[in-house]
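Chemist: Listed below are the residues making up each chain.
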Amino acid sequence: AQKVTQAQTEISVVEKEDVTLDCVYETRDTTYYLFWYKQPPSGELVFLIRRNSFDEQNEISGRYSWNFQKSTSSFNFTITASQVVDSAVYFCALSDDFGNEKLTFGTGTRLTIIP
Amino acid sequence: ETGVTQSPTHLIKTRGQQVTLRCSSQSGHNTVSWYQQALGQGPQFIFQYYREEENGRGNFPPRFSGLQFPNYSSELNVNALELDDSALYLCASSELAGGETQYFGPGTRLLVL
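Protein chains in written order, with our numbering: chain A, 80 to 194; chain B, 153 to 265.
Bear in mind the hints are in silico, worked out from the structure with no lab data behind them.
As a list, the in silico DMTMM-like pairs of lysine to aspartate or glutamate whose alpha-carbon atoms are at most 20 Å apart:
| id | chain 1 | residue 1 | chain 2 | residue 2 |
| --- | --- | --- | --- | --- |
| 1 | B | 165 | B | 237 |
| 2 | A | 82 | B | 252 |
| 3 | A | 117 | B | 252 |
Work the whole structure out from these sequences, hints included.
Modeler: Spelled out as structure tokens, the structure:
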């Protein structure tokens with residue numbers, strides 16, 4: 080069975096600080112995909128990144144960066160120079176590669192950026 | 153915006169009633185997945201439809217059922233509503249190719265009294 084753990088329930092940081100959101104996953108599949116989604120108060124899940132299990136390169140997109148470490152089954156997300164607009168709930172999710180797009184989500188981390 | 157739309161945005165029902173939620177997929181996507189998100193929780197997979205056929209189901213009872221239409225839009229039906237069915241219902245569209253990104257709609261907030 081697949082499982083995603085986001086141990087940090089809530090994080091608060093002051094604007095312009097860097098913050099890292101942790102994600103640890105469990106799967107028996109050799110091929111799998113990892114995702115991060117942002118959920119602002121409006122409720123819609125906004126896609127941030129997709130990473131497959133064969134690509135362990137870290138990725139940077141503007142102020143966002145992701146650290147994928149297969150050895151520790153972790154896929155952490157860092158926001159550099161945080162802004163108030165980054166305040167949201169962030170979800171890490173996992174899917175398999177068997178033609179079923181089922182996503183297994185973590186319980187989310189609520190990030191609050193204090194002005 | 154993702155191009156995925158859902159209706160209605162909010163709904164209030166009483167226990168025992170039936171409800172139908174609707175989802176319109178992003179153009180070009182042939183797969184729709186439905187998720188239930190209880191307050192303070194991550195979304196839970198209900199089921200997925202691919203070309204009008206169910207293609208996977210999560211741990212939800214049979215009173216949760218769905219349909220997908222030839223234009224790939226979809227419905228989620230819930231019979232005999234229970235209080236615990238109160239949640240945000242999200243649909244997501246994608247192309248069925250293994251690990252493809254799912255794009256979510258804004259959700260329908262259902263309150264069961």
